[in-house]
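J.: Listed below, chain by chain, are the residues.
2 protein chains.
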Amino acid sequence: MFSGYPDELVKDLSERWGRVQACVREAGADALIISSNVNLLYLSGRIFMGQLYLPAEGAPWFFVRRPCGLAGPNVVEIRKPEQLAERLAEAGLPQPRRVLLEGDELGHSDFLRLAAVFAGAEASNGSSLLRRCRAVKTPYEVRVMRMTGARHADVVSRFATVYEPGMTDQAWAVELFGLMLRAGNLGLFRVAGGSMEAFMGTVLAGDNGGAVSPYDFALGGAGLHPSLPVGQCGVRLAPGMAVMADIAGNFYGYLTDCTRTYGIGPLPPEAVRAHQVSIEIQRAVAQAGVPGAGGEALYSLALGMAERAGLAGCFMGGAQKARFVGHGTGLVINELPVLGARSKDVLEEGMCIAVEPKFVIPGVGAVGVEDTYVVTSSGMVSLTPCDGALVTL
Amino acid sequence: MFSGYPDELVKDLSERWGRVQACVREAGADALIISSNVNLLYLSGRIFMGQLYLPAEGAPWFFVRRPCGLAGPNVVEIRKPEQLAERLAEAGLPQPRRVLLEGDELGHSDFLRLAAVFAGAEASNGSSLLRRCRAVKTPYEVRVMRMTGARHADVVSRFATVYEPGMTDQAWAVELFGLMLRAGNLGLFRVAGGSMEAFMGTVLAGDNGGAVSPYDFALGGAGLHPSLPVGQCGVRLAPGMAVMADIAGNFYGYLTDCTRTYGIGPLPPEAVRAHQVSIEIQRAVAQAGVPGAGGEALYSLALGMAERAGLAGCFMGGAQKARFVGHGTGLVINELPVLGARSKDVLEEGMCIAVEPKFVIPGVGAVGVEDTYVVTSSGMVSLTPCDGALVTL
Numbered sequence: 001m002f003s004g005y006p007d008e009l010v011k012d013l014s015e016r017w018g019r020v021q022a023c024v025r026e027a028g029a030d031a032l033i034i035s036s037n038v039n040l041l042y043l044s045g046r047i048f049m050g051q052l053y054l055p056a057e058g059a060p061w062f063f064v065r066r067p068c069g070l071a072g073p074n075v076v077e078i079r080k081p082e083q084l085a086e087r088l089a090e091a092g093l094p095q096p097r098r099v100l101l102e103g104d105e106l107g108h109s110d111f112l113r114l115a116a117v118f119a120g121a122e123a124s125n126g127s128s129l130l131r132r133c134r135a136v137k138t139p140y141e142v143r144v145m146r147m148t149g150a151r152h153a154d155v156v157s158r159f160a161t162v163y164e165p166g167m168t169d170q171a172w173a174v175e176l177f178g179l180m181l182r183a184g185n186l187g188l189f190r191v192a193g194g195s196m197e198a199f200m201g202t203v204l205a206g207d208n209g210g211a212v213s214p215y216d217f218a219l220g221g222a223g224l225h226p227s228l229p230v231g232q233c234g235v236r237l238a239p240g241m242a243v244m245a246d247i248a249g250n251f252y253g254y255l256t257d258c259t260r261t262y263g264i265g266p267l268p269p270e271a272v273r274a275h276q277v278s279i280e281i282q283r284a285v286a287q288a289g290v291p292g293a294g295g296e297a298l299y300s301l302a303l304g305m306a307e308r309a310g311l312a313g314c315f316m317g318g319a320q321k322a323r324f325v326g327h328g329t330g331l332v333i334n335e336l337p338v339l340g341a342r343s344k345d346v347l348e349e350g351m352c353i354a355v356e357p358k359f360v361i362p363g364v365g366a367v368g369v370e371d372t373y374v375v376t377s378s379g380m381v382s383l384t385p386c387d388g389a390l391v392t393l
Numbered sequence: 001m002f003s004g005y006p007d008e009l010v011k012d013l014s015e016r017w018g019r020v021q022a023c024v025r026e027a028g029a030d031a032l033i034i035s036s037n038v039n040l041l042y043l044s045g046r047i048f049m050g051q052l053y054l055p056a057e058g059a060p061w062f063f064v065r066r067p068c069g070l071a072g073p074n075v076v077e078i079r080k081p082e083q084l085a086e087r088l089a090e091a092g093l094p095q096p097r098r099v100l101l102e103g104d105e106l107g108h109s110d111f112l113r114l115a116a117v118f119a120g121a122e123a124s125n126g127s128s129l130l131r132r133c134r135a136v137k138t139p140y141e142v143r144v145m146r147m148t149g150a151r152h153a154d155v156v157s158r159f160a161t162v163y164e165p166g167m168t169d170q171a172w173a174v175e176l177f178g179l180m181l182r183a184g185n186l187g188l189f190r191v192a193g194g195s196m197e198a199f200m201g202t203v204l205a206g207d208n209g210g211a212v213s214p215y216d217f218a219l220g221g222a223g224l225h226p227s228l229p230v231g232q233c234g235v236r237l238a239p240g241m242a243v244m245a246d247i248a249g250n251f252y253g254y255l256t257d258c259t260r261t262y263g264i265g266p267l268p269p270e271a272v273r274a275h276q277v278s279i280e281i282q283r284a285v286a287q288a289g290v291p292g293a294g295g296e297a298l299y300s301l302a303l304g305m306a307e308r309a310g311l312a313g314c315f316m317g318g319a320q321k322a323r324f325v326g327h328g329t330g331l332v333i334n335e336l337p338v339l340g341a342r343s344k345d346v347l348e349e350g351m352c353i354a355v356e357p358k359f360v361i362p363g364v365g366a367v368g369v370e371d372t373y374v375v376t377s378s379g380m381v382s383l384t385p386c387d388g389a390l391v392t393l
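Chains as they are written, first to last, in the working numbering: chain A, 1 to 393; chain B, 1 to 393.
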């Protein structure tokens, strides 16, 4: 383990190892080998280039290629992953016969290379096991999520202060990014899935709120260029437009998600009402989001409320609709669980979930709210406490 | 092909297909299937979710899951990659028997899924073939790189205007990011390799210039948090510090790289001299960088000049050194070729290469310059024209 960590982090990492090791044993494997940044961060508390070797029982080993100079118990320098076999032997550990590798995160060629390190060993995919473990935050992680959400919400509550009439969506977005960064946001937007990407978040104004995107986010936006077709499109903010600001909070490596909606002057009654329905759906989902609640049931609850409000046609998109109303968040913006159609996920205490009922009103724009919650025994508690009312700019 | 593209882009994409198809035939394959954003952008001019199917001969096909509504010749909507087989059959195309997939970019599980689409077909790794093709820019791509570099250099030339005494490295970096974004930089920093990541770039002040990082960039920096150990570390800019600003330019999906160095007040003579040596090395590498020059030879040229200046010990890092002095850039910041130790790459006309001889002066910081060049018949020509002299703040 790397030296210099505070005691509470050391203790928490032990808890994470224990949870993951229980799953490794359940999968009948001898060890799990981690190479991806996100899972290294989860299981070692930092990013390094190399492998974390977690046997089914006992302490993990840290095989570090870069940076030089990292030290601590079970920390071993290597030049290449092929050295894992001999280094384990030198440490007196048995060679694993069945290993779990990150089949979703590792490139195919990296997977094959790592699978060949232990002669004759059988390699399987451990990615979904890790995703399921990461979905349920430890007490330490919940504290980090809570601190993140508080800082995030504080910045969001100041978004209106940097608006100036006549701005484009991009000009306002740049000011919002600046507010976030000056408040300590690290900027990086980590997302699972090879084809998902975005800059720090999106500001969707007017009909760009319903623009279709290749990415699997709740709403898309056309983006500024075909090389990054998501987010603001360069339109000038004009009276009657709804503008939705959805920028992630990343102050300590964990992401919170929070969206607020603004009107450039007064918005039409249907948009104001849809925004209110979004707030009501979010509240209902948060109340119903107790341990044991199903991801699909929570989505159905949200969809049913949208239907009864006569707003199903513009719920979660226009021409292209997201089939979810919420998603886990943490080290990546799209953790488990999914609150969506056909989701088999079941809520557990400690899950952190962004709930984002959104509507796209043609000719006006996207309205609604998004907040990040932690699941407690009595339902979801918001981690991003700031006023969700529609703000008139 | 997607409708609505300008003629010159359509023509250029045809040239790219032709180059890649020649390599596909040389590899003895029937088709190449693309799923990753970067290669989709390269071969289709935009990002979509789905697959581009490039047969060894004839026009490519575009199988689109998202966004809805994309249209044009050979554009086919799908719900899942398994439909490729039947859609090709419907189009009267033969089923491929040997396919190339993106073995480096695709996750292992995605690779296996795609490899199983065509019953009995043999799947190999086409990633390096694509990387080699992408390394040599088409005339259209060179124009985009040139436009990118010009806009990039224009912003860099204004970096000093947003400096204020007493700032931290991060405070200045945020102002620089803001300048970039307001000038139209899209922000996204695309990089190849699953474990490489950074925000828009780095500002390395004082001894943070020599801080070791897990990432394989020329210099690292400790970063603000263990979850992103690269870049500025929060130090206050103080007299006598060298500060190196290295922020990517991404205005049209192609990245240029440019680094400039600043002194907080006058710097010691050894730092001033090392900066001058960096400029001389860069000039020598650019002159020697004609078609046919080897990546290793150019690195040796640079290293030799550093040695003769008595600066080998602080060339390209301190405790941890990069073993390269330049790298291709384009759709990702780390394209081929590599100008480095053991590189077998050979320069060709149209390659775009960032040359970044840098020195880390203990107690002062990192000094040096970086510019992006295009290889022409008579050597490298800078795409990021702005004064490289050390700037005293």
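By construction, these hints were calculated from the structure, which means they are not laboratory data.
The beta-carbon is built from N, C-alpha and C at its ideal position, and this holds for glycine as well.
Treat the hints loosely; a few may be bogus.
Here are the computed lysine to any residue pairs in the SDA-like style, where the Cα-Cα straight-line distance is at most 25 Å [as the list claims (entries may be wrong)]:
hint, chain 1, residue 1, chain 2, residue 2
1, A, LYS321, B, LYS321
2, A, LYS80, B, GLY193
3, A, LYS80, B, GLY194
4, B, LYS80, A, VAL76
5, A, LYS80, B, LEU70
6, A, LYS80, B, LYS321
7, B, LYS11, A, PRO226
8, A, LYS321, B, LEU70
Ranges of calculated distance between the beta carbons of each label pair, as one might list FRET restraints [claimed, not checked]:
hint, chain 1, residue 1, chain 2, residue 2, range
9, B, SER14, A, GLY313, 50 to 56 Å
10, A, GLU77, B, PRO291, 36 to 42 Å
11, A, GLY304, B, GLU90, 46 to 52 Å
12, A, GLY4, B, PRO291, 47 to 53 Å
13, B, ALA119, A, ILE279, 48 to 54 Å
14, B, GLU280, A, ARG158, 46 to 52 Å
15, A, GLY18, B, ARG79, 38 to 44 Å
16, B, GLU26, A, GLY313, 49 to 55 Å
17, B, GLY69, A, GLU348, 36 to 42 Å
18, B, PRO362, A, ALA150, 35 to 41 Å
19, B, ARG79, A, SER124, 23 to 29 Å
20, A, ASP154, B, ALA91, 34 to 40 Å
J.: Hints the structure violates: just list their numbers, smallest first.
T.: 1, 4, 5, 9, 11, 20
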